[in-house]
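There are 2 protein chains.
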Amino acid sequence: MPYYAFLNGKMLPSEKAFVHISDLGLLRGYAVFDYLRTYNRKPFLLQQHLARFEHSARELNLELPCSGKQIEGIISRLLSKSAIRTDCGIRLLLTGGRSADGITISRPTFAITTEKLIFPPESAYRKGVKLITREFQRESPYIKTTNYKNAIRLNPEKLRQKAHEILYCSGGKILETTRNNFFVFKGDTLITPGANILHGITRSFVLSFAKGVFRVEERDVLVSELPGVSEAFITGTTRKILPVVKVNDQAIGEGKPGKNSLHLLKLFEEKLAER
Amino acid sequence: MPYYAFLNGKMLPSEKAFVHISDLGLLRGYAVFDYLRTYNRKPFLLQQHLARFEHSARELNLELPCSGKQIEGIISRLLSKSAIRTDCGIRLLLTGGRSADGITISRPTFAITTEKLIFPPESAYRKGVKLITREFQRESPYIKTTNYKNAIRLNPEKLRQKAHEILYCSGGKILETTRNNFFVFKGDTLITPGANILHGITRSFVLSFAKGVFRVEERDVLVSELPGVSEAFITGTTRKILPVVKVNDQAIGEGKPGKNSLHLLKLFEEKLAER
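Just so you know, the sequences run in chain order A and B.
Following my numbering, the numbering of the first sequence begins with 6 at its first residue and continues without gaps.
Following my numbering, the numbering of the second sequence begins with 6 at its first residue and continues without gaps.
Next up, chain A with everything else stripped away, as it sits in the complex (with noise of 0.2 Å):
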């Protein structure tokens, strides 16, 4: 069966949801999105994506054609409809739409498709990953927005560096990678950049149920600090809690995967055991 896709208020199948060449998701970049995922065919985190989506759009003056309840309610019939056996991805997009003008915003094109989850091989989980850092600070790092041409710009060059991703850096700190947060942990010291990054879902997640266990901070993180933290890792939706292992050329602690991580993605396992 294929996977089903809302599109401006109908539901059609993914393959033929089309969007008219003047929209301004298109033609201006101007588009927020958030993107899920279901565990045991149920949509993960919801109202906080929800609530985050909607925080985007607000942000870019656009106006959402449906609430939040009827939101669940499209999901949950795409789901059904989709009759996919496995899990899948979730997203919310939201553009400008048509535009006669080519910069004054009319009506919303709003879409929510389900897709194929790509995951990490599962080595990465064993042996850790390698970032590259990079110098940028996203636009409008608090806004979910569609611009990724520096993500994509760049991904030649993560894949001939056997790199994981791309790490963002800005003025000596570390932010945030291309689709994920960053974290390092000094001992049992959990610290995460807290400015001028997407806060994204599952860092919100793992700050939660972290903070029972380990003492947490929230600040900037220097790349000058690399050398001397015991273990680092990033998170994301398709991620969960993924070790870090290198940096650059920089071996992060013993250059594998860290046993607060370790602990830290067995008590993520168990959250999700427990819906």
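Honestly, the hints are just simulated from the structure, not real lab data.
The C-beta atom is built at its ideal place from N, Cα and C for all residues, glycine as well.
Watch out, some of these pointers could steer you wrong.
Said to hold, decoys possible - Stretch by stretch, here's where chain A covers chain B in the computed footprint (C-beta under 8 Å, at least three residues):
| hint | stretch |
| --- | --- |
| 1 | 9-19 |
| 2 | 30-36 |
| 3 | 108-121 |
| 4 | 142-154 |
| 5 | 158-167 |
Unchecked claim - Partner residues are not named here, just some residues of chain A that face chain B (Cβ under 7 Å, in silico):
| hint | residue |
| --- | --- |
| 6 | Ala22 |
| 7 | Phe23 |
| 8 | His25 |
| 9 | Ile26 |
| 10 | Gly30 |
| 11 | Tyr35 |
| 12 | Leu65 |
| 13 | Asp106 |
| 14 | Ile108 |
| 15 | Ala116 |
| 16 | Ile123 |
| 17 | Thr151 |
| 18 | Asn152 |
| 19 | Lys154 |
| 20 | Ile157 |
| 21 | Leu159 |
Given the coordinates of chain A, work out where chain B should sit on it, guided by the hints.
Showing chain B alone in chain A's frame:
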């Protein structure tokens, strides 16, 4: 007769030009474009626009599926097919295309659309226009990407303040407006920023004939210089040379279109008549 578009090898009425929702141009803002116009139904400065478009494509690792010569041919067919009696705008658009993983470029989407031209009101040339400044440096100023998020987001504020355009400034330097280049006159010296801006095709065209008449300086222009300039104007495909008489609350020169700016506009019109 409707406007026509060329999309991935097909000629079709613009109303029927749709792009799949998984296109990286829409999902990730991964796209470059260029925009030109016709005069007397002939594309104006086409070679220059093509050269810039090809540069933008290269910078984003996007392969153009057509040669410049082929694009010329397509535009010519579009113009005759559209049977447009008046002049029109021509937009070239190249995106990352559909992507299986949302990050890897596959086969780019390439479109050429013909569009209704939208001009400033005639009174804007007679009275001059007001700009308002905003602190903003575009991410990749030398590449004509589709990222106009800031322009659209600030549009309501621009209208509220009865401004014609937003003038981006960064660290005390004047850069460009959301869609135009900025020039000032100090007496008979024409000055325009040259760094960290998109190099407009109209800007180059104006510079090419201004150099024979005025002393020309391409250099940083400071916001603090504005009280001392005698004239200002902006350039762009649909603006030609549009006098600026106010920036925020600062009157420019005598607060009316300047004689040197109007002289350049006259030369512009003469160049057009010569074609």
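Checking each numbered hint in turn, tell me which of them this model violates, lowest number first. Those not satisfied come down to hint 21.
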